[in-house]
Structures are given as structure tokens and as C-alpha cells.
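Colleague: The primary structure of each chain is shown beneath.
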Amino acid sequence: MEIINKLIDKSSLSALIERLNTSGKQVYAPVTKNGLCDFAKVESVQEIDFDSIATIQSAKSLVFPKVEKLLSYEKTYDDVIVKEVDLTKIPEVIAFAGRPCDAAGFIPLNAIFTSDSVDQIFKTRLDKLSIISISCKKADDFCFCTSVNGSPSNTSGSDILLTEISETTYYAEIITEKGKAILDAYADLFKDSAVVDKTPFVAKIDKQFSTEIINEKLKTLFESDIWDHQAMRCVGCGACAFVCPACGCFDIQDETKGKDGVRHRCWDSCGFKIFTMHTSGHNPREKQAQRWRQRIFHKFSYQPEQQQEFGCVGCGRCSRACPSDMNIAEHLKAIAVK
Amino acid sequence: MSEFEPKIVAFVCNWCTYAGADLTGTSRIKYSANVRIVRFPCTGRIDYMLLTKAFASGADGIIVSGCHPNDCHYTSGNFYARRRWMVFKKICDFMGIDTRRIVFSWVSAAEGGKWAEIVNSTNEEIKKLGPYESYHKLSTQDILA
Amino acid sequence: MEEIKKIAKELLAENKVQLIVGFEKGSANKVRPAFFTKPEEIDQLIYNEYCIHNIALYLKKDICQKANNLAIIANPNVVRSILQLASENQIAEEKIKIIGISFEGKCVGLLDFKAAEEFSKTQPKGIKPEDKALIEKIQAMPLEERFNYWVEAFSPCIKCYACRASCPMCYCGKCNVETNNPQWIPVAPHKYGNLEWHMMRAMHLAGRCINCGECNRSCPVNIPLNILSYMLSDFILDEFDSEAGMNAVFTPALSVYTSVDKENFIK
Amino acid sequence: MNMEKNTIYSPYKMKIEKITEEAPFVKTFRLKFINDEDAENFSFRTGQFGEYSIFGEGETTFCIASSPTRKGYIECTFRQAGRVTKALANLDEGDIIGFRGPYGNIFPIDEWKGKNLVFIAGGIALPPMRSVIWNCLDLRENFKDITIIYGARSVADLVYKNELKEWEGRSDVNIVTTVDPGGETPEWTGKIGFVPTVLSEIAPSSENTIAIVCGPPIMIKFTFPVLEKLGFTDENVYTTLENRMKCGFGKCGRCNVGKVFVCKDGPVFSLKQLKELPAEY
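Protein chains in written order, with our numbering: chain A, 1 to 338; chain B, 1 to 145; chain C, 1 to 267; chain D, 1 to 281.
Misleading hints may appear alongside valid ones.
Said to hold, decoys possible - Label pairs and their calculated CB-CB ranges:
| # | chain 1 | residue 1 | chain 2 | residue 2 | range |
| --- | --- | --- | --- | --- | --- |
| 1 | A | 84 | D | 217 | 33 to 43 Å |
| 2 | A | 181 | B | 137 | 37 to 47 Å |
| 3 | B | 100 | C | 176 | 21 to 31 Å |
| 4 | A | 41 | C | 260 | 34 to 44 Å |
None of these hints come from the bench; they were simulated from the model.
Backbone N, C-alpha and C define an ideal beta-carbon position, used for all residues, glycine too.
One chain only, chain A, in its complex shape (with noise of 0.2 Å):
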């Protein structure tokens, strides 16, 4: 589809929130509450922050919650009555002001639920959700979304993209059908507008290397001591993983309450020692040093050769979230020189 090109006052922002939130969907906006920003479920704009460079999650939680009901079952005497999910119960979410690189981190995210084989859990979701970003005014150290294919003002992902063009005005790009669906629906709050060139309303990131360059080094990296040198300091947490917007190892247990249970995906990480172990003690990945390889590998290597999407949208969160200070741009610039 051909990007519409919109403006929405400010001042609108209020009633879209609240029109969206009568018509039944649930809207999710980057919330801070305890000092903490994250998406939460926002019924007005007085809510919703702004002004954070990143939400300290990811909204993937939106589409794949860090636990998430895979079917339920009823044992009785001498049977097990299975119950699937109801995907007709998944809601219809709107994520509002994110920023460019939370959407784009449903790219690679829906490319390893839905290559292949479709989940049909994560699909329905991902589907039922309407992505508006705002392009980024601020940056911080930890944001490198230009040294992978993203940029403060990315429209990929989005279904619609604001960019704060001056105090009051918003510059709209209605990207998808999705996006479409919201203007069509709310045509009132939304202005015709020419092609605005966004540049000198977001911020400026530098590109400190390309996904190009990494992906060409890894080839000969495997076994280098690059590894182990930069995973010396790395506690072995999952931090990482689980503020990542496009990681999306998970686990399956089951629960049960007397007769009844349910089987849960929760995510998991790569970075967590049992992750692959097996039963009889032989772990793939015993060093932590491995395991730091393989994320680094999955993003930057597998996943752009089995999907064809670089699983890192550079939005920072993991080095921001780590309790060491790993801090995966500079790592990546490294490798980029190595």
C-alpha cells in the first residue's frame, strides 16, 4: 500500500485514545509507574508517556506474553478431556506511541512464529494488533537502530507512524491497510498533508557499523576467542533476552491444579545454562561464553539465513537491562573490526 500522508493535532491524540478504547480495543501505551516505564493498558492520553526514549520491555508482550495459556485439560477417571485455546477471545489491541523500533520487532519476531509452520496463537495476536508509532525526538548512548537497517523514523513495522513536527502537530504516515482502517474510521481527527521530510524532527543516531559487515565477520568467528573475551563479565541472566523485541525462545510446562491444568509457553533464553541441556547431563552449550555466541550468531547469522530478517532492531533495551554492562553495539562494533 502507498503511505497516506496525514497530520493529527496533538490536541486529537485524547479522543483518538478514548474512541479507540469505546470501540471495544484495547489500547497499550508506554506507562510509567514506580519509575519505570512500560506498556500498560491506558484508557486516556494523560497516561501515557512520551517522553521515555524506550520502554524497559519491549512490546512484544502484546503478541507474545512473557506467559501464555497453550491449551487447558480436564483429567477425569479414565480420560483427558483437551481443551484448545479460543482464538476468537484474543482482543484487539492498538499499540500506541511506541517507537519505530518496537515495531519493527515484530518483523523478525512474526518471521520465526510464522515461517514454516504457523503459530496459530502468536498469528491471531499479531493480526488483532495495530501498531501507531512516534519517531523518536530523543536518543540515548544504548540506541542503535541506524547500524541496523532501522532509524528513528522507520516506518516498517508500524501500521501508522507519528512524527511530532511541531508543538501541537503530529505528521501522520498511514503505512498499512491496518493503518488505513483506523483513519478510515476516524477520518475526523486526521488532516490531509503533503510529504514532510521528518529528519530535522527526530533524533540523530550514528551508524557505527552494518548488519552487512557482521554477518560477512561471523562467517569466520565462530571460533574466535572474541567469545570468550566478551562474555567474561556476563552473569548468565536473561535479562537480555526477555526485554528483546525479537526474541522469541520460549518453553512449554504444564501446570496442574487438581484435576484441571493448563500447558504454558513462558519465555526462555538462550543465555540461561539449562536451556539446552539435556536429560543426561551433556550440555551443547556448557561455557557462558557459547551461549553469548549463539545470540549473537542467532541475530546476526541463522535467523537472516533461515527468514531472511536480522533478529536485532537496535533499540538498546538488552544493554540498558544488563546487570554487567553488556552492551551489544559495542560488542557488535568489535566484531566489526575484528
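Using the hints, position chains B, C and D against chain A.
Modeller: Quick look at chains B, C and D alone, frame taken from chain A:
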């Protein structure tokens, strides 16, 4: 509506309280049938998480009982347990888990009557408190939903 | 700062240690744990008020386990962790040289375990006043409110286990949460799973936690985990006069007993 | 395959029709679909695997150990080791379990037509092999000589004892069984020695021959060099991997090795393919 019948789980040691409970039975002392006894080698073996597991599995009250001090079959298991209970009770209190629903006691193999009293009084107390809804909701209903 | 560097450089230059665990400049305005094996690398070593990571954690990691001997830049929290680890037979005195630094940032030179014990005792203890106030606030809540407070506080937990991974005392090869036969603690990060996990962890650290606050610092969603452990440490100090991280020979409160322990709560 | 299922995580319900004790802690289940329609729609090919689940304990991964030529049921053989296998071992005939599958790729037996086959298996790794062995034996005229070399730690640990006997009795199969030194019994008439050693003793010709190897990592490690010495090229050596898996279709991420997912792109790999992967299996 029928009266609320609490589910009470008793974690008891094999050597004293379990034998004591046996004595209650053989002495034909009648006591509340709301209690389900789980026998352990020693109170020192009772992992505190078992208590929360019991609540999570639908218990409304818990009794933990073993040998009197200095009577432990393994010399000191109940002493270690006593400290652990103190600390566990503290953290439960702090985290808002209802410690009125957890009763600790020493019941020796000769105290059949005391066992009946403990069970009956706990039963009465839990009846007053009602079902442990907040924990059951968190540990069961929310998960199955 | 210069003194620390001098000591560190000498230790490496004179081959007294193979490895020094310290800090270097990190990304943005952060500092980060770093490892030095050559005297010339020491120029990168820094120490300032941001160096609050409890790097005693690395003593149980491969890099330190492989070294025959090492030195560590140790603020009182690190010193206390080392003493506690030593008391649990996790680190030998002859293997480690402690470069002690007070909470004010003053280098006190190399410490053997005896000196470390003295140092540990003279340094301030406790947690931030706002954390203490939070404990009091929670304790003053009615039961149900307290329960809801914690359920809500734990609800953002994503079970990344950063609290465990960055805790020097969490060195078990196989954590209780990984025990799956039966599954002891629920794996899923739902509210109930989170409550049990943090409760279990606090209990396992009871009497062993040295209150460095690292769990709270590393938590990506800022759960006030440190106050759980602190509340227990405080209780244990009051009740059993036992304090972790003060002595290299020490048995944690829950591994010992006295015949006069309180039992007014036991029927 | 899961066409009428709501999601790809929904299992078929299967009834345990028969349980065979193969060795200490090793059992074989014969499973039948509860729903006749499922049974009709279901098909698999040799080499594929499935996710077997006990509701309440979780899922576990085994290959389908029966041959696709034997219709109407599937079989799996497992050693009791972890949480789910322990729970499985406690089940009785008539109990119900879940099954998702089939997943993964296949042994390219169509390409092996007119060739000699050498199967080399160790311990509990015979089950994945058994499917392909029976498949080839049921299509016996398609292949030339069939040799099976199977070893286990001890005589008791040999699985499929009845079938081993049956194969021994067949004139069109050359079977060699061996046990590790010290694992023999006084009655033991087979060989004594490790699989790679026995393999080099027997020295099957690599001429027009495919070798299929499956066993514990240590056996694999020492078997490949022997095969190489015998003149087997990497394209003619196959193995089946079993990494830790959860989902079975390349999403959960844990069986990712290099650019492949063992569950989706494997589990069957030729040695040539294996050598292109990092050694994370």
C-alpha cells in the same frame, strides 16, 4: 448453604506426632475429620515450601508438628526446624501470608489428647477465618483462567 | 584510586596474582566489572562511587576458578561476600588477595581474612533509609494489603533470574527452581510463580545474605528484593545474634540452633 | 497434519495399547489413536519424531520407533530419565497420553535403493534406527546386503531383545551384537567390545554402501573415524541427532545449531551436513 468445612493439612514427624495421632485413634478420642496427615521422617525434613504448596493446593489451614525439644529421634531435627519456622513465619508475615492459618506444635507419642485438642482448636480457628481465598485465587484460579 | 592501581600493578608485575577483578569504564556513564591479567592493562582500571556491583560474584565463575590466584577490588560488600563465601568453603584464603576499599572510597590496602573481618565490622551496615521506610510501611499494612502489595510488586517479574545470576551467594550448580522432578517452583512468571520464587530465594538466603542490594540493582523491573532479604537479616540478627559476612569461619543462623531458641509460637 | 486442530500445540490423544519392558528402565509403548479420523489422516515417514505428553508433567521428545510400513499404530521406546519419562514409565496399558507430530525430516531410503546398508547403533539409540531397519526390511527387495551392528553397555541393556533374535534368524540380515567389556554374561554368545572396535573388526565394505549411525556422543565420536578409514564418504554416512527440544517445529529455539533447527531441518543429517554445522549437539 452448608457450613464451611476447612481443609487442614498436618505435616507431622513419624516418631512423635504421628504416633501421638495414632494414640488419639486407639484411645477412641474423637477429633475433627478436616485434617489430612502427611507423615515425615522428622520435622527437620519439612521444607517450608511444602506449606505454601499446601495452601496452593487448596488447604485453608496447616499444622506442623513434631517431637518436643530434646525428644527428637535424630537428636536435633526439631531444633533446626524450630529456627526455620521462626524465620519462615517472619517472611510469611512480611509477605502478607496469613500465619494465623499455620499452627506449630509439639505433640509427643504419648499426647493423644493434645493432638485432638490441637486439631480441634485449629479447625475452630480456621472455621472462623473462612476459606483462604486470596491464596487460592492467586495459586489456582488465576493460573487456570 | 592511584593507590589501588599501584597495588594492582605490583601484584601483577611481581606475578603474585594471575588475575585482578575490578572495574573499568562502561558504556554511557556506567562502570562495569573487568578482568586484568597484565600490568599495563591496569591503566584501564577505575574505582569510583558508581562501582557498586558485587564483583565477588565472579569468584565462582569460570574465569576466577581457572586462575590459581587472584586479587579483587573489594568494597565492604565484596569483602563481606568473600567472607561469607569463605565460611561456606567456596573460596580459599591462599588463593585470594583482597584490595579493600571503604564505602567512602578509601583504599585500605591488602587484607587477609583476619583484617577483612575487622574491616567488615567497622564499615557501616544496613540499607538505604528509603528502603527501611518501605519495610516499615509494609509492616504497618493490614494483612490482606501486605499480601496484595507483594503480589503486585512481584507481578512485573519476568523470571530473567538476574537477581540470582548477580548474587554471589547464589552459586548452586543447580538452582532449586530448575528442579523439575517434581517441578518445585513454577517456571512460568505468573503472579503465583513469582511469589513462590522470590519467597524461596529469600529463605535460601536467610542468614547468608550480606545485604549488598545487588538483586535489587540488577532487577530490570526494579522489584525491591533487597528489602526482603534485609528484613530477614535484621530479624536473624535480633533473634539469633547472627550476621553473615562478618567472619570467615561462620555457620549461618539456619544451620545451627540453640536449646533456648524462642518457642512461644509453638503450641 | 494438524489441519483440524486449533493450534499447532494441540496434541492427538493416544491410548497405550501395549507396554514392553525392553531393558532396565527402558520401555516400549505401542500407541493407538483414540479418534479414528486422526488415525486415518495420520502418516509419517521413517526418521521422524514426535512430542509425547503426559498432561500435568509436560512433553518429551522421542523418535517414532515403529516402521511406517506397519500401519495403525506408532511405537516409541524410551529410557526413564527425566520428569516426563519417569511419569510415562508409571503408566499402564489403557492409559491416555498426548502426541504431537510427526516432526522433522526423514531417512532418504528412496535414494538408498540398490545399495548395501550398514546400521550402527549403541545403547538406547537403537529405537530411532529400528524404524528405518524395519522399513528397509519390509521393502527388502529394494536393498542389497543389510548389516546391523548393535552394542550396549551390558547384555541387560540391549533393547528389542526379541527383535534382535528375529533378525539373527533371518538369512537376509547380517547382525552383530556386542556388549562393552565387563557387561557380558556367561551365556553371552555375541561379541565383547566397543562398537567402533567391532565395526573395524567386521570392516564392512564401503562400496555402494550407506552407513547409518546412532548412539551416545562418545560412540559417534569414535565411529566416524573408523567409517572414514573404511572408505565411507561423508555423503554416505547418516545419523540422527537428538538435541533438547520443546516445540518440535523450529520456534522455541533450543535445538538451534548453526543455521538449522534439529527439530525442523533434522533430526536426520548426513555426515557431510553435520560437518558444516558447529559442534553444538
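Colleague: Each hint needs a verdict: does it hold in this structure or not?
Modeller: Status of each hint after checking the structure:
no.: 1; hint: 84(A) <-> 217(D): 33 to 43 Å; verdict: holds, 38 Å
no.: 2; hint: 181(A) <-> 137(B): 37 to 47 Å; verdict: holds, 38 Å
no.: 3; hint: 100(B) <-> 176(C): 21 to 31 Å; verdict: holds, 27 Å
no.: 4; hint: 41(A) <-> 260(C): 34 to 44 Å; verdict: violated, 54 Å
Of the numbered hints listed earlier, the single one contradicted by the structure is hint 4.
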